[in-house]
Amino acid sequence: MSNIHLVESNDPLATPWHVALIRPDQRPSARESEERYVTAFPHLIVREVILFQLVVIALSLTAIFFDAPLESIANPVETPNPAKAPWYFLGLQELLHYFPPVVAGVLLPGLVVIALLVIPYARINLEAGPLWNAEWRWKFAIITSIVAALTILFAAFQCWPVVIPTMLIGSAALASKRGRPRWLWEVTLPEWIMTWFVVVATTLTLIGTFFRGPGWSWVWPWTAVPRA
Amino acid sequence: MTAGEWIRTTSVYRSVIRHGVEPTNRNRSLIIFENLFLHVHPVKVREKTLRFTHTFWLGAITTASTIILFVTGILLMFYYHPSVPQAYRDMKELQYVVDNGVFLRNLHRWAAHLMVISAFLHMLRVFYHRAYRPPRQFNWVIGVTLLIITLGLSYTGYLLPWDQLAFWGVSVGTNMVKQAPLIGEKIRFFLLGGNIVSENALLRFYVLHCVVLPVVLIFLLSVHIWRVRKDGGVQGPPEHDPSPEGNSFDSLLPAGREKGLTGGGDSSS
Chain A
1 MSNIHLVESN DPLATPWHVA LIRPDQRPSA RESEERYVTA FPHLIVREVI LFQLVVIALS
61 LTAIFFDAPL ESIANPVETP NPAKAPWYFL GLQELLHYFP PVVAGVLLPG LVVIALLVIP
121 YARINLEAGP LWNAEWRWKF AIITSIVAAL TILFAAFQCW PVVIPTMLIG SAALASKRGR
181 PRWLWEVTLP EWIMTWFVVV ATTLTLIGTF FRGPGWSWVW PWTAVPRA
Chain B
1 MTAGEWIRTT SVYRSVIRHG VEPTNRNRSL IIFENLFLHV HPVKVREKTL RFTHTFWLGA
61 ITTASTIILF VTGILLMFYY HPSVPQAYRD MKELQYVVDN GVFLRNLHRW AAHLMVISAF
121 LHMLRVFYHR AYRPPRQFNW VIGVTLLIIT LGLSYTGYLL PWDQLAFWGV SVGTNMVKQA
181 PLIGEKIRFF LLGGNIVSEN ALLRFYVLHC VVLPVVLIFL LSVHIWRVRK DGGVQGPPEH
241 DPSPEGNSFD SLLPAGREKG LTGGGDSSS
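Residue numbers (my numbering), protein chains in the order written: chain A, 1 to 228; chain B, 1 to 269.
FYI, nobody ran anything at the bench for these hints, they're computed from the structure.
Yeah, the Cβ is synthetic: ideal placement off N, Cα and C, and Gly gets one too.
It is possible that part of the hints are untrue.
As the list claims (entries may be wrong) - Taking lysine-lysine pairs in the BS3-like style, the calculated list, with each CA pair at most 30 Å apart, reads:
no., chain 1, residue 1, chain 2, residue 2
1, B, Lys186, A, Lys84
2, B, Lys48, B, Lys230
3, B, Lys92, A, Lys84
4, A, Lys84, A, Lys139
5, A, Lys84, B, Lys178
Unchecked claim - To give a feel for the contact side, a few chain A residues facing chain B, derived at Cβ under 7 Å:
no., residue
6, Glu34
7, Arg36
8, Leu44
9, Leu51
10, Leu61
11, Ala63
12, His97
13, Val102
14, Gly105
15, Val106
16, Leu107
17, Glu186
18, Leu189
19, Met194
20, Thr202
21, Thr205
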C-alpha cells in the first residue's frame, strides 16, 4: 500500500483521529501538491484592475476611431437588399439559404444549444482519452460513416460551406490515427466535434457577413455593391 | 504626515475601512473578506492561475465589458425615448447635440460586440481545458445560459436605434422565430407585441434590454462567479496526471473545502 501517504506527524494527541474512506473505484493516492499560493490582494486584484483598464482603453480607442453604424430612419415599406441580421446570427441566416426555415431557424440552433448544455453530463466528454485506443477499428468505421453521411446530407442541400469543413476536419481526425504529430493524436473525440462546430460556425458567419450581396448572391468583399 | 496618511487616521475612514494599510498577510486577508465585492475571491490563490495562458482572462474581459455596458447603457437611457420616431431622433441628438454622445454610443456598441466575442471565446477556452468536468458541470450550464442571455441583450439592443439596419435586422431574426412549429407565431407575437416590427416591438425590446435581461444577467452572473470559487477556483489546462479526476482524497471532501480557511483553490472574474 505504498500509494497511501499518511500525515508525517501521526501523534494521536495532535491529530486525534484519521478517517479515510477508501472506495473501490477511487485509488487512495493523496495528490502530492507543491502548489505555491499567493494572497489574492494584491496579486490577483491588481491584475484584475489592470485588465479592466486595458479593456476600457482598447474600447475607448475603438470608439474614438470607429463610429457605430446609423442608417436612415426605419422604413417598413423599403426593404434593403440584402436585409441582414446582426453578425452573430448571419451564420444561421446563411443556413437559411440552403435549408427550409424550420431547419435553419429552429432545428439546427436548437440542437446546438442542447448539445452545448449536455456537454458536462455526457460520458464521452468526461473520459477524455485519446481517440485511437485499442478499439480503433470500430471507431474508424463509425467515424468514417458519420463524416461520409454528414458530407452527403449537406451536399444534397448543396451547402458547401458545411461540406468542405466537414471533409477537412473529418479527414484530419481520421489521419490523426497515424500518431504523428503526437499532439494531433492526443485530440479527443469531443474536441474534434467542437472544432468542427467552431470551424463550420465561423465559416458560415464570415460568408454571411462579407460574401453576401443583393438577393443573397455571392459577392466579393472588395467589390463595391451599388446601394439600392 | 501626508494627506493620505491623515485621512486614514480619521474616525470616519476607520469606520468604513477597518483594516490597516501595512502590507501584512493579516491586512491582505482582511481586504478580501471584509469587502462585499472582493470576498468572491478567496484570500489565497494558486500562483499558476495568475498566468496569462491559464485562462487568457476571457471571463474577466467579458465581465469588464459587461460593467462598461452597464455604465454606458445607463447614460444612454438618459437621452433615449422608446417611441417612434423619437428613438431615431435621439440617435441624431446624440450625434449633434449631446456632448460626447457619439463616443458614448460607440463605446456601448463596441463593448457589446466585445462581450459576445469574449463570452464565446471564454466558452471555447473552458471546453478545451475540460473545465466543465465535475464538480463544475452546473456552472457550465449557467455559462451557456449566460451566453444565450448575452445574445438576447445584444439582439434586443440592436432594434433600439430604429434605423433601417435595426428594423430589418430584427425583422429577419423574428421571422426565423416564426418558423418554430406550433408556438412560433405566438412567440413572435409575444416578443413584438404585434404581427410586425412596430412601436410596440420597440417598447418591448426596450424593456427586455434595459430591465428584464440585465436583471437576469446580474443574477446568473453572480451565481456563475460565486460558483467558480465554490467549485475550487478557476480550472486551467488539464494536467497530465496519471490518476485522473476523482482518484485522490480531495474528491472525498466537499468541493472547495480542502484548503480550510481559504475556501478552496482560487478565483477569477
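Restraint check for B:Lys48 with B:Lys230, where alpha carbons must lie at most 30 Å apart = holds (19 Å)
Is the interface hint for A:Met194 satisfied, with its Cβ closer than 7 Å to some Cβ of chain B?
-> holds (6 Å)
Cut-off 7 Å, beta-carbon criterion: hint that A:Val102 touches chain B = holds (5 Å)
Taking only the CA atoms, is the gap from B:Lys186 to A:Lys84 under or equal to 30 Å?
-> Given pair B:Lys186, A:Lys84 holds - Cα atoms ~23 Å apart, limit 30 Å.
Using Cβ atoms only, decide whether A:Arg36 comes closer than 7 Å to chain B, and label the hint accordingly.
-> A:Arg36 check passes; min Cβ-Cβ to chain B is 4 Å, inside 7 Å.
Given the hinted pair B:Lys92 and A:Lys84, is their alpha-carbon gap at most 30 Å?
-> Between B:Lys92 and A:Lys84 the Cα gap is close to 23 Å, so the pair holds against 30 Å.
Given A:Glu186 was flagged as interface, is its beta-carbon under 7 Å from a beta-carbon of chain B?
-> Since the shortest Cβ distance to chain B is 10 Å, the answer is violated.
Chain B contact restraint for A:Thr202 - C-beta distance below 7 Å = violated (10 Å)
Hint check, A:Thr205 versus chain B [nearest Cβ-Cβ separation less than 7 Å] = With a closest approach of 11 Å, the A:Thr205 hint is violated.
Would you settle whether the hint for A:Glu34 is holds or violated, based on the nearest Cβ-Cβ distance to chain B being less than 7 Å?
-> This hint is violated: A:Glu34 lies away from chain B, its Cβ roughly 11 Å from the closest one there, beyond 7 Å.
Within 30 Å, alpha carbon to alpha carbon, are A:Lys84 and B:Lys178?
-> holds (17 Å)
Holds or violated: is the Cβ of A:Ala63 closer than 7 Å to a Cβ in chain B?
-> holds (4 Å)
In terms of the numbered hints stated before, the structure departs from hints 4, 6, 10, 12, 16, 17, 18, 20, 21, listed from lowest to highest.
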